[in-house]
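All chains, full assembly: derive it from the sequences and hints.
In order, the protein sequences belong to chains A and B. Per this note's numbering: the first sequence = residues 1 to 634. Per this note's numbering: the second sequence = residues 1001 to 1634.
Calculated directly from the structure, the hints in this document are not laboratory data. Check each hint, because a few of them may be wrong.
Straight-line C-alpha distance at most 20 Å; calculated DMTMM-like pairs for lysine to aspartate or glutamate [said to hold, decoys possible]:
1) A:K116 to A:E46
2) B:K1489 to B:E1479
3) A:K473 to B:E1536
4) A:K213 to B:D1470
5) B:K1489 to A:D25
6) B:K1026 to A:E536
7) A:K473 to B:D1621
8) B:K1608 to B:D1621
9) A:K473 to B:D1025
10) B:K1489 to A:D627
11) B:K1026 to A:D470
12) A:K608 to B:D1606
13) A:K489 to A:E479
14) B:K1304 to B:E1390
15) A:K518 to B:E1536
16) A:K489 to B:D1025
17) A:K473 to B:E1527
18) B:K1473 to A:E536
There are 2 protein chains.
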Amino acid sequence: MPYGYNGKIARVDLSRRQIKMEQPDKIFYRKYMGGRNFAGFFLLRELGPGTDPLGPENKLIFTTSVLTGVPFPGNSRFTVAAKSPLTNAYGESQAGGFWAAEFKFSGYDAVIVEGKADEPVYLWIHHDTIEIKDANHCWGRTTGDTQQLIREELGDSKIRIACIGPAGEKLVKFACIVNDLKHVNGRNGMGAVMGSKNLKAIAVRGHKRVKVKNPNALRNLSKLFNQSYLKNPENALLQNLGTPGYVKGLNAAGLLPTYNFRQGTHEKAENLSGEKMSTSILVGKEGCYACPVKCKKIVRTEGKYWVDPIYGAPEYETIAALGSNCGIFDIEVVAKGNELCNKFGMDTISTGGVIAFTMECFEKGILTQSETGGIELKFGNEEAMLALIEIIAFRKNIGNLLAEGSMRAAKKLGRGAERFAMHVKGQEIPLHEPRGKFGVGLMYAVSPIGADHLQAEHDPVFSEEGFALDQVKPLGILEPLNTLDLGPKKIRLLRYLHLVASLHDVLDLCIFVGFPTKVYTLNHYVELVRSITGWETSLWELMKVGERAINLIRCFNVREGFTKEDDTLPKRFFEELKGGPFEGQKIPKEDFERARGTFYSMMGWDTKTGIPQRAKLEELDIGWVSDILEKTPV
Amino acid sequence: MPYGYNGKIARVDLSRRQIKMEQPDKIFYRKYMGGRNFAGFFLLRELGPGTDPLGPENKLIFTTSVLTGVPFPGNSRFTVAAKSPLTNAYGESQAGGFWAAEFKFSGYDAVIVEGKADEPVYLWIHHDTIEIKDANHCWGRTTGDTQQLIREELGDSKIRIACIGPAGEKLVKFACIVNDLKHVNGRNGMGAVMGSKNLKAIAVRGHKRVKVKNPNALRNLSKLFNQSYLKNPENALLQNLGTPGYVKGLNAAGLLPTYNFRQGTHEKAENLSGEKMSTSILVGKEGCYACPVKCKKIVRTEGKYWVDPIYGAPEYETIAALGSNCGIFDIEVVAKGNELCNKFGMDTISTGGVIAFTMECFEKGILTQSETGGIELKFGNEEAMLALIEIIAFRKNIGNLLAEGSMRAAKKLGRGAERFAMHVKGQEIPLHEPRGKFGVGLMYAVSPIGADHLQAEHDPVFSEEGFALDQVKPLGILEPLNTLDLGPKKIRLLRYLHLVASLHDVLDLCIFVGFPTKVYTLNHYVELVRSITGWETSLWELMKVGERAINLIRCFNVREGFTKEDDTLPKRFFEELKGGPFEGQKIPKEDFERARGTFYSMMGWDTKTGIPQRAKLEELDIGWVSDILEKTPV
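Encoded structure:
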């Protein structure tokens, strides 16, 4: 067995109920390393253009990296990828928890699910074996019930289960996959793809430990982490309050999306804060595999609503999505919404985005009470928000339309509704107001998976004293830059951070461990890969690995017909923000367009079309991608 | 004082006899790091396009790097740069020895020489002081006499002197600068620029030691070097025989340029071998500052010729240039030729190239005995070769024409002579036959300083078992490649090696220490820079530093009117090689041209023109270069 990986990738054909195994060579593992690179590799080669995301031809890939399974802070994640039903582009989503490590221990590095089962099934992957098992008894059930049923059936409480809820079964376009009931592959509708295959869950268990080349070096890295982590007050905040700890600061900065991105601040925002959560409904902390940070919280309340603690606590994104952006400023309500989303299996960001969109349509008279089935869909209506989650998950009444996501719903509604659908490429926008962080805006636009806040690590302020400048110095970023800058130095930074972000999704690493939290510089990632795999790697190689993945998936999208016109932002961000420190701020459209061109060009993409040039792909040692593009009929 | 550098750059205006000092900020030092980056920075900003290389407006820069002066194997070199009178492009040449370290100890990182002295002078740089001193007594003297005179005058035998000989004074276009009589800034005619400024020498002495951030880490790197170096038999060869040790292997491989690049092998080549040298005329070994390798040899003979040991021994390049390529197969004769070149101050590669060219012209009847002043310039005529060195150095008779270099001489001669002038951009071709190593051919062509064999580290065979694959794995080069390959994977390798080669010339590091000799991987360079400067650098940053330099100097050339047409090879290389294992081999011209386009594109240069694109320059954080280019009248 090699260091860092098993050397085995499984293919499960649900239509034929066949299981096959592949053993890629060592060059494959080093060149692609895992996560979105593995996914991009297989999807680009194996899916024809125009594949129906919810048809049996789509493939659903669960993959880890050459690091997964090694006990190390932040090393808990895995990637699920398929053509996305939400964006019709390459789709992927990462999640933490314990599933990834357990899956790796079972003997595989990835599993590619093909076809469609004739009736509900789940996969039981354990000790180098994969079984396709009947899941009729789980179908229609919540994630919580499903997990319990499968654990009981298999008689092992340590089994880790990634499953869909009713939303995935109903093919809600932003249905997610949930593991341990609170870790979520949220974005891009991977849960719907899983549902379309009649695949309810993947249960994993194994005892195979991953071989580490240099355990001492790894131990030293862990030690360094443990010694340094709490030195940064932001990390202490994360550990104490989790991501909800960011609410207060973002609200003060005027960057907390409110009322469907019309405002960036609200006087009641403190009611949604991590501080508020910790003094009211917080009952515990939980972490992911091998991670001492424990940024995940557990909440419980029997007040206004009963919130089941098994579904975890809302993250920052969820709080702003279901809370402030819907005009709701009660943490208990948000916690309930979070519980429902995890139970039914829906992405909270998209769910919140769709609800905020619906509320604005209602406010503007585009939707009337008769159309909403009697619900008064005003901003701030807590019960309406919670009701919508349920009707969307089960596609009841207007929920059936909203389950298509805000882009499609808006198109169908007409009457000017498109103006209020806050999405890029069909995916609802995360809760980071770009009018105060222009880099986030640009990266929302060019992100190959639709709007995503992790494409350039939040466009942090790289100031001498501020956030993370030391962390990017290994890249040769030596000067502080402004968040409202879209000039070439900034685009260079964003290009570099885009590669770094991609690298995270290749290695399936959590960003909350290293780079942006001032614990490690990027060089520690090099040491991490080196100590686990024994490869004499470098930051050059790792950045290129990240870049390779971006180009793979961008080319997938090119083949699907995506163009520069898709790399844009909702009109609202080119208009003035209301209230707060960024009052009146808008993203200047000309600057944005120029910046996009510069970004393309720096990426080695055609400035006019955004298509990766052959030489760039060849420089990334994926010339075969150009061959595929050239063979595709236009 | 910062770690690794003094923080001071001197300007000496010889016309006004003024000395100024500049103290660039720390970002300048980290961004450019030294050597060709410093040189490119100043030359591009300060020389107008069309500057006469031998006029007072040209600037001659002697520069070190942020590593120079720290005792470390291979860390002995410095860069001399100016607009080249040989190529009319950006010009530079590196040399080893002891001058670089001593200069750094004097308190400066670089000295920029401007203007022209009204009579011969030399610079005396010591202990943070620079004096302009009279050199009338040295003018017309050999390098040996000059060194002795200055040391006597200053009363310190430890002074290190870089000086020109009569060839530099006579503005021979390929005159060099010699330090310690045997270390040479050979290429690009830097000695002529020095001569044009009436600057005979720069004498240096200092006691300021360079501060090292992490001496322990540095010590460990040295230790590793000392323990590993001789494990590679190729290194033992280098240590025992020096570069002449390569003659035998290259001849056997059919890649030893012979008879002006018409053949690649010769039955008498063993007479030129390192083995032959070591059993005949070798009397000692010498090294460079802090380097245990001691690849430099000393020869002495009182046989056919008296060869003065103070001028060192011929390197491989010199042996093939003055030997096999002129049809001469006697190591003593070559040693004499080497002595003369070092004494008079002429680059042996260009000198040999010009002589071989002349011999072929003579053979073809383009030059007659009456034109050569009675010398019978046949291949193999030893005395003719030695006589030519002298008449070129002093510009006597036909030497005056040949002193212009083979390109200009051929143009003047007409009569088809251009066919035999083996040069790129006016600079004579080094002694590596490209028809057996296509990568070397491509890099000769695209090299910004004219034909140069160090632009991609010799296009080594990167085979599993062979040369250096482990060394480039940190770049993600994972598969062996063939030397006759010009496909995209090969161009990718060449692009990467081009950056590595450039990095050597930025850091002023010797290639015989690290990367190609299997002692260090590229990651050890990162550790080296880190341990000396304390910067948390990475291979990403270092590769970009190397790339920055290439782009700076390419843009210098663009401004001078260089185009794709200048990035080509002499016709001969597109024709069949005679004899040996590569009998009949030629570089396929179409493949070559396609490869050049791919290379441009991978470098971020316009595929049609080879001009660096603005986005590439901005990505390298030198957007100011684009501004300069755009301001230049076409």
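Results of checking the hints against the structure:
no., hint, verdict
1, A:K116 to A:E46, "holds, 16 Å"
2, B:K1489 to B:E1479, "holds, 9 Å"
3, A:K473 to B:E1536, "holds, 7 Å"
4, A:K213 to B:D1470, "holds, 17 Å"
5, B:K1489 to A:D25, "holds, 19 Å"
6, B:K1026 to A:E536, "violated, 30 Å"
7, A:K473 to B:D1621, "holds, 13 Å"
8, B:K1608 to B:D1621, "violated, 24 Å"
9, A:K473 to B:D1025, "holds, 16 Å"
10, B:K1489 to A:D627, "holds, 14 Å"
11, B:K1026 to A:D470, "holds, 15 Å"
12, A:K608 to B:D1606, "holds, 15 Å"
13, A:K489 to A:E479, "holds, 9 Å"
14, B:K1304 to B:E1390, "holds, 18 Å"
15, A:K518 to B:E1536, "holds, 13 Å"
16, A:K489 to B:D1025, "holds, 19 Å"
17, A:K473 to B:E1527, "holds, 15 Å"
18, B:K1473 to A:E536, "holds, 7 Å"
Hint compliance for this structure: hints 6 and 8 are broken, all remaining hints hold.
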